[in-house]
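Chemist: Spelled out from the first residue to the last, the chains are:
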Amino acid sequence: MKPETPPPVAAPVTDDELHALIDGHLPPADRQAIEARLLQQPDASRRLADWRAQREALRALHAPVLEAPVPQPMRDVLLRAAAARRQTNDWWRWGGMAASVVAAFGLGWLSHGQWPGRAGAPSVAGQRGLAFAQQAAVAHVVYSPEVRHPVEVSASEQAHLVQWLSKRLGKPLAVPDLSAQGYQLMGGRLLPGDTGARAQFMYQDASGVRLTLYLGALDSGPNGTAGGETAFRFTDDGPVPRFYWVDRGFGYALAGPLPREALLALARAVHGQL
Amino acid sequence: MNPNELLSEIPSLRRYARALTGDAWAADDLVQDTLERACTKHRLWREGTDLRAWLFTLMHNLYMNQLQRVRRQSAAGREVDVDDSEAELIAPTLPTDTALDLQRCLLLLPEEQREVLLLVTLEDLSYKTVAKITGVPEGTVMSRLSRARHRLQALMDGVPAAAGLQRAAEPVPLRRLK
Chain A
1 MKPETPPPVA APVTDDELHA LIDGHLPPAD RQAIEARLLQ QPDASRRLAD WRAQREALRA
61 LHAPVLEAPV PQPMRDVLLR AAAARRQTND WWRWGGMAAS VVAAFGLGWL SHGQWPGRAG
121 APSVAGQRGL AFAQQAAVAH VVYSPEVRHP VEVSASEQAH LVQWLSKRLG KPLAVPDLSA
181 QGYQLMGGRL LPGDTGARAQ FMYQDASGVR LTLYLGALDS GPNGTAGGET AFRFTDDGPV
241 PRFYWVDRGF GYALAGPLPR EALLALARAV HGQL
Chain B
1 MNPNELLSEI PSLRRYARAL TGDAWAADDL VQDTLERACT KHRLWREGTD LRAWLFTLMH
61 NLYMNQLQRV RRQSAAGREV DVDDSEAELI APTLPTDTAL DLQRCLLLLP EEQREVLLLV
121 TLEDLSYKTV AKITGVPEGT VMSRLSRARH RLQALMDGVP AAAGLQRAAE PVPLRRLK
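As given, the protein sequences belong to chains A and B, one line each in that order. Under our numbering, the very last position in the first sequence is 274; numbers go up by exactly one each time. Under our numbering, the very last position in the second sequence is 178; numbers go up by exactly one each time.
This is chain B alone, in the form it adopts within the complex (with noise of 0.2 Å):
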């Protein structure tokens, strides 16, 4: 693995991370554990393969390990702080209203259908590819795709019962957890 190819890498993993938890520190620190964890296990990957999908996969990997410590300190009672994450879920670099909207609207989408919706989007992956990241068959990618489309769709165009009629899980802030 040359650590060129690795940084070219950098930006696009950024972006993602910034979609995916709507927040640029948690997202920096996401990316920044997925290159340690890429620079400790580069023997795991194999030259001539996707270099780009072994990372997003890694990245899968580490944020779903987050959100389940999340989840169980929720459900540990533990509260969050409100200045605090109020702090954090403002992304400074969000410059309008639309976007501001689009980025809430994304985060109230479950977990599983954002992560598909932005690795389809963003980084233009087949649906293969996303299927081998998130370790799900392609079907469950076309319908996490459709569900995430349809709902975020309703989301922005401001349907009241969209975000009630199928809401799969409650958001999950995700929060820096060092």
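Here chain A stands alone, though its shape is the one from the complex (with noise of 0.2 Å):
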């Protein structure tokens, strides 16, 4: 807008330049340069006060809603859409952050010499359930703290989450209920193990303690016999403590911060639901 008249009066102020004041577009200059003009006119001021207000009363109205929780469905939609994504072909470009967490954790406990050697261990099976044992321990804690995202695929999702893991580890899978013991599940996620894929579960109790069942197929031994199977055992060298088995050339390791004996509880809870 051109000033008509004489640079002594100024210009009015239009609407356009009141928008751009209120609603912070202009440069400090510009900015000073129309309060100084409206200083002369108390009709663009009082509107300029009028939608101040309004601009602050319809930033105020609806505010909690940027507070409050994300609503499960719509969390579950960029669940799924990372699910499909992965499953179709760049599994690495999500996965790849998790994984190569998981292997800095475990050369991590490699070089700090609590890995048994790989020669002259006493059985195949037991052997590999500790390495087994110390992946699962590395995915407890690299997911387990998650807020926004502790698993792929939730819970409400149960079905599809047990036929996609089953698929994927190759395997018909059952998720244990261990809500007897007080422990909902959350939901799971696919993992790399160096044998394969791996699926892990979490569980939550009421006070927020998490557990996980991390799970996958071993290699086998020679003829698939020597690594098939081996008890429960317990240990607590790493992050969390876990009781970890191998079935029938699966491998299981439930982790969680607690006790032997409860920890023992749950995992012969979930060891009979297999």
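Stretch by stretch, here's where chain B covers chain A in the computed footprint (C-beta under 8 Å, at least three residues):
no., stretch
1, 20-26
2, 48-54
3, 57-66
4, 69-77
In short, the hints are calculated from the structure, not lab data. In this text, a Cβ means the ideal position worked out from N, Cα and C, and glycines have one as well.
Two chains, each in its own frame: build the complex with the hints.
Modeler: And the structure:
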């Protein structure tokens, strides 16, 4: 807008100028120039005050929604999309970060000598079981503190979760129900392991304590016999205590920040349902 | 597109939709549809461009489609159940009379004005971005913004003429369509 009057009388402040002022889209110099002109324009000044108050009121309206937790159905859309994409092609793009964290943790343990030597281990299954238990511990500490994405597919989609993970692990899975022990299933995710895909199911009790059940096929020993089975074993070597066992070539590890007895009872409950 | 980035946009999408529709359920349905659309069309979003602007564009398109459907239905003589619509139009989180009044007045604005006002006010988007989202020239955004601010002020001040003065369209109560 061109000023039609001589310089001493300021041009009327336009609505567009007021908007830019109110919405903060002006550089400081322009803002000051407009504010100076407003001093002589009571009408425009009142409009400015009204619209500012209006803007504040609108921003306050529904402001609590900004702090509200995101509803599960909305989270599920994102998780489904992530899972679908993973299945199609670039598995590593999203899984890669987690995988590299797992690898880094794993290397850390190796270099600390907490891993038994590969040679001379007492039994193939025992050794594989321990390595597997280490991976389970890593997966537990990586994912259980997650606030936003503790699981990839939530328990509300249990059918999909079971179907998906069964397919990826090449074995029909059953998700143990630990509600009698006070733990609710949160969901699960797919992870890379050194001998193939791994599934992790996560559970939580009312106080927020999280358990993870980690499972996957182990390389069977010669003819699938030697590496077949082990008893329950306990270890608290690592970041979280866990029980682990091998059953028909499949490894299981239950990890959680619990005393040995409590964890054993849960491990038995899991084993009984598999 | 990173799901975390998408997740962090959800609260502002929800608030905007709530103010736009005046109905908590309809708003969350709209957000849900927007997210589903975003996930199926993620390839159309170019890395490095404004994710928020893209999401609001998707939401704008969905909202406009819904309005058209609602208008077609009302044109076809479909009656809205009063009990039903009454329950839906009352947003449960509104704390005060003033807030109720503000939401009510907001719903008396024509959709295209309400949309521009809310995108500018709640989302701090530039006028240019709002023009892109709503698919109109920037000049149109500015005039809609002016009309919206003048009219909302008149409505809030209780100027009786304001309601009938430049009534462009009857407000269409947006209902849950699913």
